[in-house]
Structures are given as C-alpha cells and as structure tokens.
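Q: I would like the entire structure built from these sequences, with the hints used as guidance.
Each chain, letter by letter, is given below.
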Amino acid sequence: MKKLINDIEQVLAESLDGFAAAHADIVSLGAERQFVQRRTPKPGKVALISGGGSGHEPLHAGFVGHGMLDAACPGQVFTSPTPNQMLAAAQAVDGGAGVLFIVKNYSGDMMNFQMAAEMLDRDNATVIVNDDVAVENSTYTTGRRGVAGTLIVERIVGAAAERGASLAELKAQGDAVNKATASMGVALTSCIVPAAGRPTFQIGVDEMELGVGIHGEPGRRRVKLARADAIAGEMLSAILGDLGPRRGSEVLLLVNGFGGTPAMELYLMVNAARRVLEGRGLVISRYLTGSLVTSLEMAGCSLTVTVLDEPLGALWDAPVHTAALRWGV
Amino acid sequence: MNLDACIQNATQTLIDHVEELTTLDQAIGDGDHGLNMKRGSLAIQAKLPSLEGQPMAAVLKALGMTCMSTIGGSSGPVFGTLLVTLSKELPESASAADCARALQRGIEALTRLGKAEVGQKTLLDVLDPVRKILQDMPTDMPKAEMLARVRQGAHDAAAATAAMAAIKGRASFLGERADGHIDPGSRSMALIIGAVCDRL
Numbered sequence: 007m008k009k010l011i012n013d014i015e016q017v018l019a020e021s022l023d024g025f026a027a028a029h030a031d032i033v034s035l036g037a038e039r040q041f042v043q044r045r046t047p048k049p050g051k052v053a054l055i056s057g058g059g060s061g062h063e064p065l066h067a068g069f070v071g072h073g074m075l076d077a078a079c080p081g082q083v084f085t086s087p088t089p090n091q092m093l094a095a096a097q098a099v100d101g102g103a104g105v106l107f108i109v110k111n112y113s114g115d116m117m118n119f120q121m122a123a124e125m126l127d128r129d130n131a132t133v134i135v136n137d138d139v140a141v142e143n144s145t146y147t148t149g150r151r152g153v154a155g156t157l158i159v160e161r162i163v164g165a166a167a168e169r170g171a172s173l174a175e176l177k178a179q180g181d182a183v184n185k186a187t188a189s190m191g192v193a194l195t196s197c198i199v200p201a202a203g204r205p206t207f208q209i210g211v212d213e214m215e216l217g218v219g220i221h222g223e224p225g226r227r228r229v230k231l232a233r234a235d236a237i238a239g240e241m242l243s244a245i246l247g248d249l250g251p252r253r254g255s256e257v258l259l260l261v262n263g264f265g266g267t268p269a270m271e272l273y274l275m276v277n278a279a280r281r282v283l284e285g286r287g288l289v290i291s292r293y294l295t296g297s298l299v300t301s302l303e304m305a306g307c308s309l310t311v312t313v314l315d316e317p318l319g320a321l322w323d324a325p326v327h328t329a330a331l332r333w334g335v
Numbered sequence: 015m016n017l018d019a020c021i022q023n024a025t026q027t028l029i030d031h032v033e034e035l036t037t038l039d040q041a042i043g044d045g046d047h048g049l050n051m052k053r054g055s056l057a058i059q060a061k062l063p064s065l066e067g068q069p070m071a072a073v074l075k076a077l078g079m080t081c082m083s084t085i086g087g088s089s090g091p092v093f094g095t096l097l098v099t100l101s102k103e104l105p106e107s108a109s110a111a112d113c114a115r116a117l118q119r120g121i122e123a124l125t126r127l128g129k130a131e132v133g134q135k136t137l138l139d140v141l142d143p144v145r146k147i148l149q150d151m152p153t154d155m156p157k158a159e160m161l162a163r164v165r166q167g168a169h170d171a172a173a174a175t176a177a178m179a180a181i182k183g184r185a186s187f188l189g190e191r192a193d194g195h196i197d198p199g200s201r202s203m204a205l206i207i208g209a210v211c212d213r214l
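Protein sequence lines, in the order shown, are assigned to chains A and B.
Quick note: the first sequence uses the working numbering, first residue 7, plus one each step.
Quick note: the second sequence uses the working numbering, first residue 15, plus one each step.
Hint data in this document are derived by calculation from the structure and do not stem from the laboratory.
Take the hints with a grain of salt, since some may be wrong.
[Unchecked claim] Where chain A lies over chain B, by a calculated footprint (3+ residues, C-beta under 8 angstroms):
#1 49 to 60
#2 198 to 207
[To be verified] Straight line, CA to CA, 30 angstroms or less: simulated DSBU-like cross-link-like pairs of lysine-lysine:
#3 B/Lys52 / A/Lys9
#4 B/Lys52 / A/Lys8
#5 A/Lys177 / B/Lys129
#6 B/Lys146 / B/Lys157
#7 B/Lys129 / B/Lys52
#8 B/Lys129 / B/Lys75
#9 B/Lys129 / B/Lys157
#10 B/Lys146 / B/Lys75
#11 B/Lys129 / A/Lys185
#12 B/Lys102 / B/Lys157
#13 A/Lys230 / A/Lys48
#14 B/Lys102 / B/Lys75
A virtual CB, placed ideally from N, CA and C, is assigned to each residue, including glycine.
A: Dropping the structure here:
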C-alpha cells in the first residue's frame, strides 16, 4: 500500500482537520470531529443533514454550504457514522424548522440514521437515496444501493430548502428527485482501505467490474475491458431502462470519477454518454463532471442520469457555495 | 461467573481474528467488518474498568451503548441492540432456558431493526440455532458438556452460512456471488459465543 498518510489510525482525523482548514470560509468542524457544519446557518430554514462512511470525498462534507447541506457526519472509512454524531449535528444546525436526513441506502447507514431519527426530539424526516440500478433486488427491502445520485438529491433539495420550503415539501422533493435519478458504475482497479492495507478485490489488468458499488463491492459482472462507447452504452441501457424517459425529455448527465480516473477519461465518457443519450432522443440540458462521489483510489466511473423538468432545472441552477460545488454566487 | 473474563476473552478473540474477518468481508462485503469489530472491542476493553462491580444488566447495557457509539456500520446497531436487549432479558444467574428466552428477545429486536429473518445469511443464523440448542438442553447435563455443545453449535451454524444466499444486509447486493462464503457477521457472533463459553 502506497498512501500519503502518517498513522493509519489518524487518517480520518487529519484529513478532516485539513478539510476544515482549507475551507474555513464555508465550514467548521464540530466537537470531537463528529460533524462538519455550515459556518453561517440560516435561521428558520429546514436543516439538511447527510453523512456516511468516509473514503467517498468530497461527498458529503464537500457539499456542506449555501444551497446544499447544513451538516455532514463522517464515519470511519466505508463505515457509517454512529447515531450520536447525527444527534450532535442536528443539535448544532437545526434552525427551528426541522431536520431532513439524506441517507444512502446501505444497511449500516440506514440503521444508524434510523436510530438517530428515533432518538431526535425535534421534527425530522428522511430521504433514502437508492439510485444504483446495477444490482436489482427491489423485492427485498434492502433494495438498491445509494450512490452518486445522492449529490443530485442533496443539491436540488438544498436549493429548495434555501428558498424556504417546508420539511414535508423537502421530503417529497427529495423522494421525487431520487425516483427521477438512476446510476451505474464500472471499476477498472480496486480501492485500498487504509486500515486493511490491501486491495478490496482482485481484478485482472484486462478486466472491469460492471455495476461496481462505491465501496468496491462487486456488481453485475466481471468482464473483459471494453471500448468506452460499449461501456457507456451498456450502463446507459440499464439506466434508461429503469427511468424510461420519453423522447425529447430534458436530462442531467453526471459523469462521476471514482478517484483514480483522470479528468481526460471522464470527459471522454461524457462524450460517449452524450452520443448514446442524444441517440435516444434525449436533451442533455445540464452536465456535471468530476470525481465527486469516490471510492478512495479506485479507477473507473459512474454515470448518473436525472430526468429534469423546468422547476428541477431551476433548482439545480440556483446558487450553491460548497467546497466541491460552486456556481451562481 | 466471571463476566469480566468473558468480555475480555470475547473482545480479545475478535481482535485476534481481525485479519480473518477482513478477508471474509472482502469476499462478499466492503471489507470493513474486521476493523469495525476491532474498534468496538478496543472501546469495550477501555470501558470495562469503569464498570467493575456493577450488576450484569448495567454492564451489558453500557457495552451495548459503547457498540452503538463507536462501531458504526451495520455492526454497531446490531451488536449494540443485541447487548441492550440481553441486559434487559438476562437474569443474573441464568439457566440454559433463561439464555434461550433472552436470545429469543434479542432475535426479535434484530429482526425489527434489520428487517431480516432467519435463513437470510445474517448473524441471526447463528443466534437462532444457538437458541434452539439452549432451549433443548437437558437440565442434568454437566456444565462443561453444555458449554461445549453451545460452542460447537455456534461454529457449525456460522460455517453453514456459506451455503446460504444473502438476501439481507450488505452481502445481499452481491446476489449469487455470496454463495460459498461464510457471513462475516455470523463468524464474529460464533467467535463471541465460543469465547464466552470458554470463560463461563
């Protein structure tokens, strides 16, 4: 394992301290590093709190700020945070209008956030994101995974919260965006969890894992590496099969790097995905490209499509000022 | 009964098996189970001195809360809820039948929490067979033989999860690929039960 670290035990703490220092104009770090919070909370606004295992940076702390999250609770690497972190965050950022939790559908995150929601003595609701179409077992309540689409939910709901929407409205908005969003990923190499010290999975130099999750957990199939166009085609076929957008629909395309893939390849994938989507008669009105929901140093990317309408597009375009996303300000 | 020795042995056993648990979880999960159990075990070991002399119920409850606030992932709520339930249900000097009843309450609490059932490749597939063994235990059996039976039953049950297809928990996302691999949570549960039996 080759990583820029001091002590394995201190990786998370030192990274959070660095993050807080680098973005001190936007965020501050809560006591005992239990959460990252927006430096200037807005009174009377519903507080948006997300969180999850670390190793997906800039998700979620990088999305704390104006027009997005009020707080993010970082767990250990690939391990959900504990309920006391969410309670402390809620205490710190509740502006009196209630708390909305945004949770990726993973069993650990679900249980810890559910416990926090049950213990919290103020109005709260939870939006569960499950945008990953790779592994479909919706017969079971654990269902699909929540992946890169989470940032789209956080952005759009964050914009609506900034405009003064109520807790119930935001919960409905979040559920609607989640439903209009679908993702799928592909991995070319494994990630290495610092404390484990070795790759999470073995993969041949000529292989890819199609449908990989954001922890390097296996997806649909292990197959020979294909051309970018074929990869984009297969992923989008699954995504569009799930969303079923009508011809002429407006969509947002998010091409998300997993941490180890250069921007040059991500933009090549944008181009490949664009050809597929336009070939299906869809209008890509918004793009977002970058390594935003990562899996440590894993190479590969995910594609996410959100079907937009006029109001959703306007919320997407509204000002946002966070460490990782910034426009309109 | 030396509760302190049981807890020390269970946590130390988990710490000693961190590599094995990591390997099991990398096969069908995201590889964090061993480290999470180690972190919880170290937190419990650090907490233990402050609980000296307290009744078993108070100790088990404090350990459950420690699990919930330090482990994270699925394991924090699962092991935390199990310990808190046992703290309420387990009498101070419990018979095999008492243990079976308390475990039944624990299984019910975990079923509610994780919306999982027996047979879905989770640690319930260790807890439920162990509960049955305890429930059917002849009362005149020598204690050493009882403990050996429970220990063996727990390890057999964990090994048997390899043949199950996961439909709950993180392993469920892998579909048929999880077949042939022991569920890491079940392995941890069996290690804990075995380690406790060794000190009872």
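Q: Run every hint past the structure and note whether it holds.
A: Status of the hints after comparison with the structure:
1. Restraint check on the segment 49 to 60 of chain B versus chain A: 3 residues with Cβ-Cβ distances below 8 angstroms, three needed, restraint holds.
2. Residue count for the segment 198 to 207 of chain B with a Cβ under 8 angstroms from a Cβ of chain A: 0. That is fewer than the three needed, and the coverage hint is violated.
3. Distance hint between B/Lys52 and A/Lys9 is fulfilled; the C-alpha atoms sit about 22 angstroms from each other, no more than 30 angstroms.
4. Of the pairs offered as hints, the one joining B/Lys52 and A/Lys8 holds, with about 23 angstroms between alpha carbons and a cut-off of 30 angstroms not exceeded.
5. Using a Cα cut-off of 30 angstroms, the hinted pair A/Lys177 and B/Lys129 holds, with the two alpha carbons roughly 23 angstroms apart.
6. A C-alpha spacing of about 17 angstroms is found between B/Lys146 and B/Lys157, which places the hinted pair at or below 30 angstroms, so the restraint holds.
7. Of the supplied pair hints, the one linking B/Lys129 and B/Lys52 holds, its CA atoms being roughly 25 angstroms apart against a limit of 30 angstroms.
8. For the given pair, B/Lys129 sits about 23 angstroms from B/Lys75 by alpha-carbon distance, which is consistent with the 30 angstroms threshold.
9. Distance check on the hinted pair: B/Lys129 and B/Lys157 sit about 35 angstroms apart at the alpha-carbon level, beyond 30 angstroms; violated.
10. Taken as a hint, the B/Lys146 and B/Lys75 pair is honoured in the structure, with Cα atoms around 24 angstroms apart against an allowance of 30 angstroms.
11. Proposed proximity of B/Lys129 and A/Lys185 is supported: the alpha carbons are some 23 angstroms apart, at most 30 angstroms.
12. Only pairs whose Cα atoms come within 30 angstroms are accepted, and B/Lys102 paired with B/Lys157 is accepted, the gap being roughly 24 angstroms.
13. Between A/Lys230 and A/Lys48 the alpha-carbon distance is near 51 angstroms, which puts this suggested pair outside the 30 angstroms criterion.
14. The suggested pairing of B/Lys102 with B/Lys75 holds, with an alpha-carbon distance near 8 angstroms, which does not exceed 30 angstroms.
The structure fails hints 2, 9 and 13 (numbered hints given earlier, in ascending order).
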